Amino acid sequence: MNTHNPERIRQMMMASIDGEISSADEAELKRILLEDPKRAEEYEQLKNLKIMTSKTHLKEPAPELWDNFNSRVFTKIERGIGWILFTIGALVLLFYGAWTALSDLLTDPELAWWLKSAIVAAVAGAIILFVSLIRERIYLNKHERYKDVKR
Amino acid sequence: MNNRIYIESDIVKKVSHGDSGAFGDLVNRLMKPAYFHALALLGNHEDAVEVSQKSFIKVWNSRKRMDPERPFYPWFYTILKRLCLNLHRDRSRKKEDLMSSFSTWIELEASEGNPSDLIIEQEQKKMIEESLSRLSMDDREIIVLKDLEGYSYKEIAGILDIPIGTVMSRLYTARKRFKTEMEVAGYEHT
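Residue numbers (my numbering), protein chains in the order written: chain F, 1 to 151; chain B, 1001 to 1190.
For the record, the hints were derived by calculation from the structure and aren't laboratory data. Computed from a predicted structure; not experimentally measured. Some hints could be false.
[Unchecked claim] Mimicking EDC-like on lysine to aspartate or glutamate, the simulated pairs with C-alpha atoms at most 20 Å apart in a straight line are:
#1 F:K50 to B:D1025
#2 F:K76 to B:D1019
#3 F:K55 to B:D1019
#4 B:K1032 to B:E1183
#5 F:K59 to B:E1109
#6 F:K76 to B:D1025
#7 F:K59 to B:D1019
#8 F:K47 to B:D1019
#9 B:K1126 to F:E78
#10 B:K1179 to F:E44
#11 B:K1054 to F:E78
[Unchecked claim] The calculated label-pair distances, taken between Cβ atoms and stated as ranges, are:
#12 F:F130 to B:S1062: 47 to 55 Å
#13 F:K76 to B:L1118: 39 to 47 Å
#14 F:P61 to B:S1062: 25 to 33 Å
#15 F:Y139 to B:I1162: 36 to 44 Å
#16 F:E7 to B:Y1006: 27 to 35 Å
#17 F:K47 to B:K1058: 34 to 42 Å
#18 F:Y139 to B:T1190: 55 to 63 Å
#19 F:K47 to B:E1107: 38 to 46 Å
#20 F:W66 to B:E1008: 16 to 24 Å
[Said to hold, decoys possible] Negatives, chain B to chain F, calculated, CB over 12 Å:
#21 I1007
#22 S1009
#23 S1016
#24 A1048
#25 D1147
#26 G1150
#27 T1166
Glycine included, C-beta positions come from ideal geometry on N, C-alpha and C.
Take these sequences, add in the hints, and give me the full structure.
What follows is the structure, encoded as structure tokens:
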């Protein structure tokens, strides 16, 4: 094995600091560090920092968090379903109201034809824009789900 | 894989078929690792609670896509980390001071040293917390998983779905940057 490969040396340093090194590699690392004082200094500094950080841990939250965690997840799922149903119902009512209003307008004999055409064009345009937006959202959701996750 | 984060494939299978009891069991078993991993990435309690709970909701909503034959936690961690990245990105866009979102998120292990040692350790803890908070999410993630949470290289490789060699390389880079931040914070090597 090429022991002068810098990447290999770095990995051995980490394995030694973390106690995950074999005795053969430990001996080899010791030899490398004896020949390279700058590397040896870096190793000691990183090792001391590891000793310090290992004396810390992530802060424990209040115990009540665990008592309520599960129920809060289920509550949020229920509310999500509730919002979806509410939104669907509201949209249906909105479209029904719009359709009724439009029907009244378009069947009004006193309304000029060009005005009726403008209303139809505006509504058709709004529907096309809305469908296009929804389709783009669905596509992004399906195909780029993990684009932000760095590996 | 570590017992803390290992989920049997039959539980995953039940969840994928819509078994809410199995899902509740899954949440109970993984809520602590999920919370702590979100805390490591985001540095404050409220965000960690919100993101960890949201992650489980996304798991439930995506249950039909679950593969019971593959380890569950790496897939779950991907969801959790993506939510953390999105939150972080939203804050950057709003030009919020990202450092101010970090609150006290690290504690010292119980020590039996004399009072002057304790003062020094508290000071070091504050430096460690500040320095870790200044690192990128990736660097902070790998140092916390190894040094604070004590996962082995193999376990970290499993969680992050990367080779063990990459774990070691990332650790080296992260620790170098952490060393620089500590020096900026006033730490003096003995």
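Verification of the hints:
1. With a C-alpha separation of about 35 Å, the suggested pairing of F:K50 with B:D1025 is violated against the 20 Å cut-off.
2. Our distance criterion of 20 Å between C-alpha atoms is met by F:K76 and B:D1019, whose separation comes to about 17 Å.
3. At most 20 Å may separate the alpha-carbon atoms for a hinted pair to count; F:K55 and B:D1019 exceed this at roughly 41 Å.
4. About 32 Å separates the Cα atoms of B:K1032 and B:E1183, which puts this hinted pair outside 20 Å; it is violated.
5. A threshold of 20 Å between alpha carbons decides the hint, and for F:K59 with B:E1109 the separation of about 10 Å falls inside it, so the pair holds.
6. Pair hint F:K76 plus B:D1025 holds up; C-alpha atoms about 17 Å apart against a cutoff of 20 Å.
7. Our distance criterion of 20 Å between C-alpha atoms is broken by F:K59 and B:D1019, whose separation comes to about 33 Å.
8. At roughly 47 Å between alpha-carbon atoms, F:K47 and B:D1019 are farther apart than 20 Å, so this suggested pair is violated.
9. For the hint linking B:K1126 to F:E78, the alpha-carbon distance of about 41 Å lies beyond 20 Å, and the restraint is violated.
10. Proximity of B:K1179 to F:E44 is assessed by CA-CA distance (about 12 Å); at most 20 Å being required, the pair is judged to hold.
11. With a CA separation close to 13 Å, the supplied pair B:K1054 and F:E78 stays within the 20 Å bound.
12. As the Cβ distance of F:F130 to B:S1062 is approximately 26 Å, the hint placing it in 47 to 55 Å is violated.
13. For F:K76 paired with B:L1118, a C-beta distance near 41 Å keeps the hint of 39 to 47 Å intact.
14. At roughly 26 Å, the beta carbons of F:P61 and B:S1062 sit within the given window of 25 to 33 Å.
15. For the pair F:Y139 and B:I1162, the supplied restraint of 36 to 44 Å is violated, since their beta-carbon distance comes to about 29 Å.
16. At about 31 Å, the CB distance of F:E7 to B:Y1006 agrees with the hint of 27 to 35 Å.
17. Remark: the range hint 34 to 42 Å for F:K47 to B:K1058 is upheld by a beta-carbon distance near 40 Å.
18. Between F:Y139 and B:T1190 the beta carbons are some 57 Å apart, a value that agrees with the proposed interval 55 to 63 Å.
19. Take F:K47 and B:E1107: their Cβ atoms lie about 22 Å apart, and the range 38 to 46 Å is violated.
20. The hint said 16 to 24 Å for the Cβ distance between F:W66 and B:E1008, and at roughly 21 Å that hint holds.
21. Annotated as non-interface, B:I1007 keeps its C-beta farther than 12 Å from every C-beta of chain F; the closest such distance is 15 Å.
22. Against the 12 Å criterion, B:S1009 stays outside the reach of chain F, whose nearest CB is about 22 Å from its own CB.
23. Interface exclusion of B:S1016 from chain F stands, the closest Cβ pair being 16 Å apart, more than 12 Å.
24. Listed as a non-interface residue, B:A1048 fails to keep its Cβ farther than 12 Å from every Cβ of chain F; the least gap is roughly 8 Å.
25. Listed as outside the interface, B:D1147 is inconsistent with that label: its C-beta sits roughly 4 Å from the nearest C-beta of chain F, within the 12 Å cut-off.
26. With a closest Cβ-Cβ approach of about 8 Å to chain F, B:G1150 is found to fall inside the 12 Å limit, against its non-interface label.
27. Not every CB of chain F is more than 12 Å from the CB of B:T1166 (nearest about 9 Å), against its label as outside the interface.
The structure fails hints 1, 3, 4, 7, 8, 9, 12, 15, 19, 24, 25, 26 and 27 (numbered hints given earlier, in ascending order).
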